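Work out the full structure: start from the sequences and follow the hints.
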Amino acid sequence: MNVMRRSGKWLAVLTAMAVLNGCQLFDFGRPNLPPSGDPAAVVDRVSGPDGQRFLLEITSASWEDNGRRAGELFAWIPRGAQSDDPATSARAAETAHAIASFLADDRDQIADSPDNPALWRSFTDSLIPYLGAMVGDDRGIAGFAPLDGLESPMRRTASLFAAMTKDSEANRAWVDAADAKALEYEQAFAKAAVAEPLLADRGVAQRDLLRAARLRSLVATGDHLTNPESPTPISTAGEIEIKYQVAALTARDDDPHINEEFFRDGRLLPLSDIPDSYRSIYDSQLTVYLTPWPRIREAVAQFGRTYNRIANGQ
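Going by mature numbering (1 follows the signal peptide of the UniProt record, and there is no 0), the letters in the sequence shown line up with residues -18 to -1, 1 to 296, in that order.
Everything labelled a hint here was simulated from the structure, so no lab data went into it. Note that the structure is predicted; figures quoted are calculated from it, not measured. The beta carbon of each residue, even a glycine, is placed where N, CA and C say it ideally should be. Do not take every clue at face value.
[What the hints assert, rightly or not] Pair ranges (Cβ atoms, derived): (1) Ser254 x Leu180: 24 to 32 Å; (2) Leu231 x Ser18: 44 to 52 Å; (3) Ala162 x Asp67: 21 to 29 Å.
Right, here's the structure in full:
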(Lines of atoms letter the chains of each structure in order from A and count residues from 1; the text may use other names and numbers.)
(Lines give C-alpha, C1' and ligand atoms only; values in the text may rest on other atoms or scores of the structure.)
Protein backbone atom coordinates (compact mmCIF):
# COMPACT_ATOMS: atom_id res chain seq x y z
CA MET A 1 0.00 0.00 0.00
CA ASN A 2 2.84 2.39 0.92
CA VAL A 3 4.52 1.62 -2.38
CA MET A 4 1.29 2.34 -4.22
CA ARG A 5 0.83 5.62 -2.33
CA ARG A 6 4.40 6.68 -3.06
CA SER A 7 3.97 5.72 -6.71
CA GLY A 8 0.75 7.71 -6.88
CA LYS A 9 2.43 10.76 -5.36
CA TRP A 10 5.34 10.54 -7.76
CA LEU A 11 2.94 10.15 -10.68
CA ALA A 12 1.09 13.28 -9.57
CA VAL A 13 4.37 15.18 -9.23
CA LEU A 14 5.60 14.03 -12.62
CA THR A 15 2.28 14.96 -14.22
CA ALA A 16 2.39 18.41 -12.67
CA MET A 17 5.99 18.89 -13.84
CA ALA A 18 5.05 17.80 -17.33
CA VAL A 19 2.19 20.27 -17.41
CA LEU A 20 4.39 23.08 -16.10
CA ASN A 21 7.18 22.27 -18.52
CA GLY A 22 4.67 22.03 -21.32
CA CYS A 23 3.37 25.48 -20.49
CA GLN A 24 6.92 26.79 -20.46
CA LEU A 25 8.06 25.11 -23.64
CA PHE A 26 4.96 25.23 -25.82
CA ASP A 27 2.57 28.03 -26.58
CA PHE A 28 -0.35 26.29 -28.26
CA GLY A 29 -1.77 29.67 -29.24
CA ARG A 30 1.25 30.43 -31.42
CA PRO A 31 1.84 27.84 -34.11
CA ASN A 32 5.12 27.44 -35.89
CA LEU A 33 5.07 29.58 -39.01
CA PRO A 34 6.54 28.57 -42.37
CA PRO A 35 9.05 30.96 -43.96
CA SER A 36 7.21 34.01 -45.26
CA GLY A 37 9.54 34.16 -48.25
CA ASP A 38 8.59 30.68 -49.44
CA PRO A 39 5.15 30.79 -51.11
CA ALA A 40 5.23 27.06 -51.85
CA ALA A 41 5.62 26.29 -48.14
CA VAL A 42 2.77 28.66 -47.29
CA VAL A 43 0.51 27.01 -49.87
CA ASP A 44 1.30 23.56 -48.50
CA ARG A 45 0.54 24.67 -44.94
CA VAL A 46 -2.66 26.58 -45.70
CA SER A 47 -4.14 24.34 -48.39
CA GLY A 48 -3.11 21.02 -46.84
CA PRO A 49 -5.32 18.73 -44.76
CA ASP A 50 -4.70 20.78 -41.61
CA GLY A 51 -4.84 24.14 -43.37
CA GLN A 52 -8.09 25.34 -41.82
CA ARG A 53 -6.82 24.41 -38.36
CA PHE A 54 -3.60 26.33 -39.01
CA LEU A 55 -5.54 29.42 -40.07
CA LEU A 56 -7.69 29.14 -36.95
CA GLU A 57 -4.57 28.90 -34.80
CA ILE A 58 -2.89 31.99 -36.24
CA THR A 59 -6.14 33.95 -36.07
CA SER A 60 -6.79 32.90 -32.46
CA ALA A 61 -3.26 33.63 -31.23
CA SER A 62 -2.42 36.78 -29.27
CA TRP A 63 0.49 38.03 -31.33
CA GLU A 64 2.72 40.62 -29.65
CA ASP A 65 3.32 42.23 -33.06
CA ASN A 66 -0.45 42.44 -33.77
CA GLY A 67 -0.17 39.60 -36.27
CA ARG A 68 2.43 41.28 -38.49
CA ARG A 69 4.70 38.25 -38.81
CA ALA A 70 1.78 35.90 -39.44
CA GLY A 71 0.34 38.33 -41.97
CA GLU A 72 3.63 38.45 -43.86
CA LEU A 73 3.02 34.84 -44.86
CA PHE A 74 0.46 36.12 -47.37
CA ALA A 75 2.17 39.31 -48.56
CA TRP A 76 3.02 37.68 -51.90
CA ILE A 77 -0.60 36.86 -52.80
CA PRO A 78 -1.67 40.25 -54.27
CA ARG A 79 1.33 40.17 -56.62
CA GLY A 80 0.86 36.50 -57.37
CA ALA A 81 -2.79 37.02 -58.27
CA GLN A 82 -1.73 39.25 -61.18
CA SER A 83 1.27 37.17 -62.22
CA ASP A 84 1.72 36.06 -65.83
CA ASP A 85 3.30 32.86 -64.53
CA PRO A 86 0.56 30.19 -64.33
CA ALA A 87 2.19 28.38 -61.41
CA THR A 88 2.50 31.57 -59.36
CA SER A 89 -1.06 32.72 -60.03
CA ALA A 90 -2.37 29.23 -59.24
CA ARG A 91 -0.55 29.20 -55.87
CA ALA A 92 -1.93 32.64 -55.05
CA ALA A 93 -5.50 31.66 -55.96
CA GLU A 94 -5.32 28.39 -54.03
CA THR A 95 -4.07 30.11 -50.89
CA ALA A 96 -6.53 32.99 -51.17
CA HIS A 97 -9.41 30.56 -51.68
CA ALA A 98 -8.39 28.64 -48.56
CA ILE A 99 -8.34 31.90 -46.56
CA ALA A 100 -11.74 32.95 -47.93
CA SER A 101 -13.24 29.54 -47.14
CA PHE A 102 -11.87 29.63 -43.61
CA LEU A 103 -13.20 33.12 -42.88
CA ALA A 104 -16.60 32.23 -44.33
CA ASP A 105 -16.99 28.89 -42.56
CA ASP A 106 -15.40 29.74 -39.19
CA ARG A 107 -16.78 33.25 -38.75
CA ASP A 108 -18.49 32.48 -35.45
CA GLN A 109 -15.35 30.86 -34.01
CA ILE A 110 -13.13 33.83 -34.79
CA ALA A 111 -15.59 36.56 -33.85
CA ASP A 112 -14.08 36.88 -30.36
CA SER A 113 -10.47 36.17 -31.35
CA PRO A 114 -7.69 38.67 -30.52
CA ASP A 115 -7.66 41.81 -32.65
CA ASN A 116 -4.42 41.21 -34.60
CA PRO A 117 -5.03 44.14 -36.99
CA ALA A 118 -1.93 43.46 -39.11
CA LEU A 119 -3.10 39.91 -39.80
CA TRP A 120 -6.59 41.06 -40.77
CA ARG A 121 -5.19 43.68 -43.10
CA SER A 122 -3.13 40.94 -44.71
CA PHE A 123 -6.26 38.83 -45.18
CA THR A 124 -7.95 41.83 -46.80
CA ASP A 125 -5.04 42.58 -49.12
CA SER A 126 -4.88 38.91 -50.12
CA LEU A 127 -8.56 38.69 -51.04
CA ILE A 128 -9.19 42.07 -52.70
CA PRO A 129 -7.79 40.88 -56.08
CA TYR A 130 -10.45 38.14 -56.07
CA LEU A 131 -13.52 40.30 -55.39
CA GLY A 132 -14.55 40.05 -59.02
CA ALA A 133 -14.01 36.29 -59.10
CA MET A 134 -16.26 35.91 -56.06
CA VAL A 135 -19.18 37.30 -58.08
CA GLY A 136 -18.43 35.52 -61.34
CA ASP A 137 -15.80 37.68 -63.05
CA ASP A 138 -12.61 35.71 -63.60
CA ARG A 139 -11.10 38.10 -66.15
CA GLY A 140 -7.41 38.51 -65.36
CA ILE A 141 -7.69 36.04 -62.48
CA ALA A 142 -7.25 32.27 -62.64
CA GLY A 143 -8.08 29.49 -60.22
CA PHE A 144 -10.44 31.19 -57.76
CA ALA A 145 -13.92 29.68 -57.93
CA PRO A 146 -16.86 31.49 -56.29
CA LEU A 147 -17.70 30.23 -52.81
CA ASP A 148 -21.38 29.93 -53.83
CA GLY A 149 -23.57 29.47 -56.86
CA LEU A 150 -24.12 32.85 -58.48
CA GLU A 151 -27.91 32.41 -58.57
CA SER A 152 -28.03 31.42 -54.89
CA PRO A 153 -28.33 33.61 -51.76
CA MET A 154 -24.51 33.34 -51.58
CA ARG A 155 -24.52 32.53 -47.85
CA ARG A 156 -20.84 31.61 -47.58
CA THR A 157 -19.73 34.74 -49.41
CA ALA A 158 -22.00 36.87 -47.23
CA SER A 159 -20.44 35.22 -44.18
CA LEU A 160 -16.99 36.13 -45.53
CA PHE A 161 -18.05 39.77 -45.87
CA ALA A 162 -19.39 39.67 -42.31
CA ALA A 163 -16.12 38.19 -41.05
CA MET A 164 -14.23 41.09 -42.62
CA THR A 165 -15.94 43.51 -40.23
CA LYS A 166 -13.74 42.12 -37.43
CA ASP A 167 -11.14 44.89 -37.92
CA SER A 168 -12.44 48.34 -38.79
CA GLU A 169 -9.44 49.49 -40.83
CA ALA A 170 -9.20 46.26 -42.81
CA ASN A 171 -12.95 46.29 -43.38
CA ARG A 172 -12.82 49.88 -44.62
CA ALA A 173 -10.26 48.87 -47.25
CA TRP A 174 -12.35 45.81 -48.13
CA VAL A 175 -15.60 47.75 -48.53
CA ASP A 176 -13.89 50.54 -50.47
CA ALA A 177 -12.46 47.98 -52.90
CA ALA A 178 -15.82 46.21 -53.26
CA ASP A 179 -17.62 49.52 -53.85
CA ALA A 180 -15.06 50.57 -56.44
CA LYS A 181 -15.41 47.24 -58.24
CA ALA A 182 -19.21 47.48 -58.18
CA LEU A 183 -19.07 51.02 -59.58
CA GLU A 184 -16.80 49.78 -62.36
CA TYR A 185 -19.41 47.16 -63.28
CA GLU A 186 -22.26 49.68 -63.06
CA GLN A 187 -20.53 52.15 -65.34
CA ALA A 188 -19.70 49.40 -67.83
CA PHE A 189 -23.36 48.36 -67.83
CA ALA A 190 -24.53 51.95 -68.37
CA LYS A 191 -22.26 52.43 -71.37
CA ALA A 192 -23.35 49.12 -72.89
CA ALA A 193 -27.03 49.86 -72.22
CA VAL A 194 -26.86 53.29 -73.85
CA ALA A 195 -24.99 51.85 -76.84
CA GLU A 196 -27.42 48.92 -77.31
CA PRO A 197 -30.65 49.51 -75.32
CA LEU A 198 -32.29 46.39 -76.76
CA LEU A 199 -29.54 44.22 -75.23
CA ALA A 200 -29.42 45.86 -71.80
CA ASP A 201 -31.05 42.94 -69.96
CA ARG A 202 -28.90 40.17 -71.42
CA GLY A 203 -25.37 39.27 -72.49
CA VAL A 204 -22.31 41.23 -71.40
CA ALA A 205 -24.28 44.21 -70.11
CA GLN A 206 -26.41 42.02 -67.85
CA ARG A 207 -23.41 40.09 -66.52
CA ASP A 208 -21.69 43.28 -65.39
CA LEU A 209 -24.89 44.60 -63.83
CA LEU A 210 -25.55 41.44 -61.82
CA ARG A 211 -21.95 41.36 -60.62
CA ALA A 212 -22.50 44.86 -59.28
CA ALA A 213 -25.75 43.78 -57.61
CA ARG A 214 -24.00 40.89 -55.87
CA LEU A 215 -21.18 43.05 -54.56
CA ARG A 216 -23.50 45.82 -53.37
CA SER A 217 -25.71 43.33 -51.57
CA LEU A 218 -22.81 41.37 -50.08
CA VAL A 219 -21.36 44.54 -48.54
CA ALA A 220 -24.70 45.51 -47.01
CA THR A 221 -25.62 41.97 -46.00
CA GLY A 222 -22.25 41.32 -44.38
CA ASP A 223 -22.74 44.39 -42.22
CA HIS A 224 -26.28 43.27 -41.38
CA LEU A 225 -25.08 39.81 -40.32
CA THR A 226 -22.70 41.50 -37.92
CA ASN A 227 -25.47 43.79 -36.65
CA PRO A 228 -28.61 41.62 -36.85
CA GLU A 229 -30.74 44.25 -35.12
CA SER A 230 -30.23 46.56 -38.10
CA PRO A 231 -32.83 46.62 -40.91
CA THR A 232 -32.47 44.02 -43.65
CA PRO A 233 -30.84 45.71 -46.66
CA ILE A 234 -33.06 46.56 -49.61
CA SER A 235 -32.18 47.30 -53.21
CA THR A 236 -33.91 50.66 -53.63
CA ALA A 237 -30.85 52.92 -53.45
CA GLY A 238 -28.89 50.56 -55.68
CA GLU A 239 -31.59 50.59 -58.32
CA ILE A 240 -31.71 54.39 -58.29
CA GLU A 241 -27.94 54.45 -58.71
CA ILE A 242 -28.23 52.25 -61.81
CA LYS A 243 -30.85 54.56 -63.29
CA TYR A 244 -28.57 57.50 -62.58
CA GLN A 245 -25.57 55.87 -64.25
CA VAL A 246 -27.59 55.39 -67.44
CA ALA A 247 -29.38 58.73 -67.40
CA ALA A 248 -26.19 60.66 -66.64
CA LEU A 249 -24.80 59.64 -70.02
CA THR A 250 -27.69 61.11 -72.00
CA ALA A 251 -29.92 63.43 -69.93
CA ARG A 252 -29.61 67.21 -70.37
CA ASP A 253 -30.65 69.96 -67.99
CA ASP A 254 -33.47 71.05 -70.31
CA ASP A 255 -35.08 67.61 -70.33
CA PRO A 256 -38.81 67.98 -69.54
CA HIS A 257 -38.89 64.78 -67.45
CA ILE A 258 -36.25 65.77 -64.87
CA ASN A 259 -36.33 68.83 -62.62
CA GLU A 260 -33.73 71.46 -63.33
CA GLU A 261 -32.53 71.45 -59.71
CA PHE A 262 -31.32 67.88 -60.19
CA PHE A 263 -28.59 69.21 -62.49
CA ARG A 264 -25.46 71.19 -61.75
CA ASP A 265 -23.35 72.78 -64.47
CA GLY A 266 -25.34 70.82 -67.03
CA ARG A 267 -24.70 67.43 -65.42
CA LEU A 268 -27.19 65.19 -63.64
CA LEU A 269 -26.51 64.95 -59.91
CA PRO A 270 -25.88 61.53 -58.35
CA LEU A 271 -28.15 60.17 -55.64
CA SER A 272 -25.62 61.06 -52.94
CA ASP A 273 -26.11 64.77 -53.75
CA ILE A 274 -29.91 64.63 -53.56
CA PRO A 275 -31.53 65.60 -50.22
CA ASP A 276 -33.51 62.78 -48.61
CA SER A 277 -36.78 64.67 -48.98
CA TYR A 278 -36.34 64.84 -52.77
CA ARG A 279 -35.10 61.31 -53.45
CA SER A 280 -38.53 59.87 -54.17
CA ILE A 281 -39.16 62.56 -56.80
CA TYR A 282 -35.67 62.05 -58.24
CA ASP A 283 -36.28 58.30 -58.52
CA SER A 284 -39.69 58.76 -60.13
CA GLN A 285 -38.35 61.18 -62.70
CA LEU A 286 -35.45 58.91 -63.64
CA THR A 287 -37.95 56.08 -64.08
CA VAL A 288 -40.07 58.22 -66.39
CA TYR A 289 -36.97 59.30 -68.31
CA LEU A 290 -36.08 55.63 -68.96
CA THR A 291 -39.62 54.63 -69.99
CA PRO A 292 -38.76 54.52 -73.73
CA TRP A 293 -36.20 51.78 -73.01
CA PRO A 294 -38.03 48.81 -71.43
CA ARG A 295 -34.97 46.55 -71.64
CA ILE A 296 -33.03 48.97 -69.45
CA ARG A 297 -35.88 49.08 -66.94
CA GLU A 298 -35.97 45.27 -66.92
CA ALA A 299 -32.22 45.21 -66.28
CA VAL A 300 -32.73 47.51 -63.28
CA ALA A 301 -35.39 45.10 -61.99
CA GLN A 302 -32.94 42.21 -62.42
CA PHE A 303 -30.43 44.14 -60.32
CA GLY A 304 -33.04 44.45 -57.58
CA ARG A 305 -33.97 40.76 -57.65
CA THR A 306 -30.34 39.68 -57.45
CA TYR A 307 -29.59 42.10 -54.62
CA ASN A 308 -32.63 41.06 -52.60
CA ARG A 309 -32.07 37.33 -53.10
CA ILE A 310 -28.81 37.70 -51.19
CA ALA A 311 -30.09 40.18 -48.61
CA ASN A 312 -33.20 38.12 -47.78
CA GLY A 313 -31.62 34.69 -48.07
CA GLN A 314 -29.35 34.49 -45.05
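| Can you give the numbers of the hints that this structure goes against, from lowest to highest? | Failing hints: none at all.
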